[in-house]
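Just so you know, we're using the working numbering here: the sequence shown kicks off at 1 and counts up by one.
Keep in mind the hints are simulated off the structure, nothing from the lab.
Any given hint might turn out to be false.
Claimed, not checked - Computed Cβ-Cβ distance ranges for the label pairs, DEER-style: (1) Y4 with G67: 25 to 33 Å; (2) W77 with H10: 16 to 24 Å; (3) M79 with T21: 13 to 21 Å; (4) H39 with T60: 17 to 25 Å; (5) L18 with R66: 25 to 33 Å; (6) G11 with G58: 34 to 42 Å; (7) L16 with Q75: 31 to 39 Å; (8) H39 with R2: 37 to 45 Å.
No experiment lies behind these values; they were computed from the predicted model shown.
We put the CB at the ideal spot given by N, CA and C, even for glycine.
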Amino acid sequence: MRAYAELMRHGSARRLMLASTTGKLGFAVFPLATVLLGHGSSGSFLDAGIVAGAWSVGGTVTAPLRGRLVDRHGQRWPMGAMPSAPESASGH
């Protein structure tokens with residue numbers, strides 16, 4: 001822990017750590033939010049687990065496509081288009 005404390009004394013390392021932690025927080029909280037939303041909607045943890053599992057499988061199946069798009073076009077276009085794809089596919 002002493003090495004981390006020494007590293008965090010540098011302003012640039014502290015800013016980088018804060019930015020990356022903030023950016024990753026949504027990815028860490030999303031599975032819990034999905035389960036809570038599924039349980040709140042149906043009253044069943046089984047249904048909530050199915051929803052969370054479906055999201056996980058969908059992310060796993062589409063990962064190679066997302067990777068190819070980012071490699072081919074850079075990050076800006078695919079990362080802007082990807083969040084809207086599930087919404088348009090579901091008809092909302």
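Hints versus structure:
Evaluation of the 25 to 33 Å hint for Y4 and G67 yields a pass: the beta carbon distance comes to about 31 Å. Between W77 and H10 the beta carbon distance is about 34 Å. The supplied range of 16 to 24 Å is therefore violated. At about 20 Å, the CB distance of M79 to T21 agrees with the hint of 13 to 21 Å. In this structure the hint that H39 and T60 lie 17 to 25 Å apart at CB holds, the actual value being about 23 Å.
L18 and R66 have their C-beta atoms about 26 Å apart, which keeps the hinted 25 to 33 Å range intact. At roughly 40 Å, the beta carbons of G11 and G58 sit within the given window of 34 to 42 Å. The supplied range of 31 to 39 Å is broken by L16 and Q75, whose beta-carbon atoms lie about 18 Å from each other. At roughly 42 Å, the beta carbons of H39 and R2 sit within the given window of 37 to 45 Å.
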